[in-house]
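Number of protein chains: 2
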Amino acid sequence: MQLEILPTDLPLLRGFRLGALDAGLYAHFGKPTRPDLTLIASEVNCAAAAVFTTNLVKAAPVLLDQVYLAANPSAIRAVLINTASANACTGERGLKNAEQCAAWTAEALSCHKEQVLVMSTGVIGTHLPMSRMQTGIQRLAEQLSSTPEAWQAAARAIMTTDTKPKLAYATFDGASLIGIAKGAGMIAPNMATMLSVIATDVRIAPELLQSMLRRAVDNSFNCIVVDGDMSTNDTVLVMANGLSDVTVDEQNAAKFEATLTELCVRLAQAIVRDGEGATKFITLHITGARSAAEARRVGNVIATSALVKTAFYGGDPNWGRILAAAGRADVPLDPARLSLWYNDFQLVADGAPLNYDEARAKLHAQQRELTVRLDLGLGTAEATLWTCDLSHDYVSINGHYRT
Amino acid sequence: MQLEILPTDLPLLRGFRLGALDAGLYAHFGKPTRPDLTLIASEVNCAAAAVFTTNLVKAAPVLLDQVYLAANPSAIRAVLINTASANACTGERGLKNAEQCAAWTAEALSCHKEQVLVMSTGVIGTHLPMSRMQTGIQRLAEQLSSTPEAWQAAARAIMTTDTKPKLAYATFDGASLIGIAKGAGMIAPNMATMLSVIATDVRIAPELLQSMLRRAVDNSFNCIVVDGDMSTNDTVLVMANGLSDVTVDEQNAAKFEATLTELCVRLAQAIVRDGEGATKFITLHITGARSAAEARRVGNVIATSALVKTAFYGGDPNWGRILAAAGRADVPLDPARLSLWYNDFQLVADGAPLNYDEARAKLHAQQRELTVRLDLGLGTAEATLWTCDLSHDYVSINGHYRT
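Sequence lines, in order, name chains R and G.
Everything in the first sequence is counted per this note's numbering, starting at 1 for the first residue and increasing by one.
Everything in the second sequence is counted per this note's numbering, starting at 1001 for the first residue and increasing by one.
Mixed in with the good hints there might be a few duds.
Unchecked claim - DSBU-like, lysine-lysine: derived pairs with alpha carbons at most 30 Å apart: (1) G:1096 - G:1031; (2) G:1113 - G:1096; (3) R:31 - G:1362; (4) R:31 - R:164; (5) R:362 - G:1031; (6) G:1255 - G:1113.
FYI, nobody ran anything at the bench for these hints, they're computed from the structure.
Isolated chain R, as found in the complex (with noise of 0.2 Å):
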């Protein structure tokens, strides 16, 4: 298996067919233009597989994509994903139009609306510009393509705070998968919403498909903090339309599992490196726990902690923080157990400081990427969580202005 961000050359992907253009959407609201429309089709019907947030405020796009997936998981055909606007707190006239876009795309792709999902990002509470949307589907869909090319520029064109666009592939046994993903906060300047779409050409049913990416994305996308703040639109879609000779069954589910999550990892860690004014990546080891979801709890209050996530900016060992995050976890945990390493470094043992050299711990606390262990001396139960730290440019990113 190969995986790389960014790559050069990708796989041959069977059947899929992409693009992305400027539609004016950025325009529409007075904001410099660039590409902000995406559109990635299959020739074929495509099992469907997707886990979208849990937001209780959940914007229409991801709404209709319940409704249709429930549907049609054997019959999906194409994905439309718009930058600029979330279509979020739009009420029953954002749910129209998400459909609205739907019906275009699928008139222009000679199928049903049922069988188009869409995904948007961008400021919440904020309508789709439709003549907008409608011509830049048309235009769209005159001009897709397979080569890397266009996987590149689709990687581009849904991306909004990102600064870097975010591509990876794997190969599994003569079939491919190529994914693209998006997010660096949850909204900022109100937006960056986490999107990510994986097109594979392995033949699956869905059913397998979906509790396999429920689990990939668990160990993914789910291990991800940037702020803490979970997104209206948050969305992961995998699209298999069966067109290589390879077909994922009970024989070899296990091996395609693992590749798709570790495509997702790859995804997912890319955000983090990529989060909003982040300076350093942080791998959070929690281990000695009672259970692998009580180490997630007391890794996530860590890694959302506004404090742990400044000295973590500023290279302090300050790992007072990181115990005192970990107390407020409500996850039963005895104070005297707590040991704690930075990388292979250890500083506490039984809850109270080691007589360590100080300047050693800075040496670690300032390297570009960190690996936190937090052991609480409980049980055999680990979680490992992928983090960034909080920046002054974070600051700025996201109390500027949205115009």
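Given chain R, work out where chain G should sit, using these hints.
Frame of chain R; chain G shown alone:
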């Protein structure tokens, strides 16, 4: 009732004497010297009540105070407060040091060590410089005074990253209450835990005082959010020495509780106004909830959201972030029933934006003091929280290396 922050005169409070000085604790850690040790003593035994941090990682002074207070709720004589070291995550040695400080104070005041409470705030994971503590306590005991200046000095000496001392008073039927507080983040550079001491000369049973204090704290200190982090050392203590003619019992309990609560609210709001890097004071009013607990949970997620707080900093009426935060509060809600106001200016109805004047919304968002009301449309319960923004200065203060 009169309440004032940093008053120039204070009401007569019988039987309390206090003092503050530079005991060289900061100097021990190689930092610029400043007053760092405070002692507040009553001439006679006090009924006392306290609310402590719920963090599972509790500092040694918190663990000690819980034992002493449970044993002597009617016979507390004094509280010793140090800065520079939080005496947290310090194991058995930390507990012994806290106990020794109480013993030295008791010796100087001619009482038992179990009648002395201790509070610490400062860097986590450092041990108290004990010889400096001993000398400081002895010197302090010789210079106790009941003057307003002594209260001002105490309010200043317990500060860490606070930029302003926090002192408030109230009178009650000829008796008095004087309170001081400190706190500006959790632990920054890593200190700034929240501490408060309120002294009063009413006569009151400790059980009654404890139940009152718990409710008062719940409606004051527990309603403020600076950064969402919870300290290892947070403590609010009330000492009532009964030296006035005023007895609090069933007859006037409600009135006294109102006075105590308002005093706590003033001190709590002073902490938020002085929040690390804060440029704005935000009142969050969550209405239309099914229960006050749910209203508070929604408010707490909004108040701790980095994206919401940076938008407040930028003066951006970015209400989408507020709705998105509400949606992940783990509280049942119907997005289509959400309404939102900045002060009296409504931006959102039925979960979608009104056709409001963006310039007017921005004017509201850029005020230094702002009330944001979110109505959930589900019931009649409500909650009010006070919070501040997340600024570049917050990152500077907390990202800075400790030394």
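Here is how each hint holds up against the structure:
Between residue 1096 (chain G) and residue 1031 (chain G) the CA atoms are separated by roughly 25 Å; this keeps the pair inside 30 Å, and the hint holds. Between residue 1113 (chain G) and residue 1096 (chain G) the alpha-carbon distance is near 12 Å, which keeps this suggested pair within the 30 Å criterion. For a cut-off of 30 Å, the pair hint linking residue 31 (chain R) to residue 1362 (chain G) stands: about 18 Å separates their Cα positions. Of the pairs offered as hints, the one joining residue 31 (chain R) and residue 164 (chain R) holds, with about 20 Å between alpha carbons and a cut-off of 30 Å not exceeded.
Taking the CA atoms of residue 362 (chain R) and residue 1031 (chain G), the gap is about 18 Å. The hint holds against a cut of 30 Å. Proximity of residue 1255 (chain G) to residue 1113 (chain G) is assessed by CA-CA distance (about 34 Å); at most 30 Å being required, the pair is judged violated.
Violated hint: 6 only; the structure is consistent with all others.
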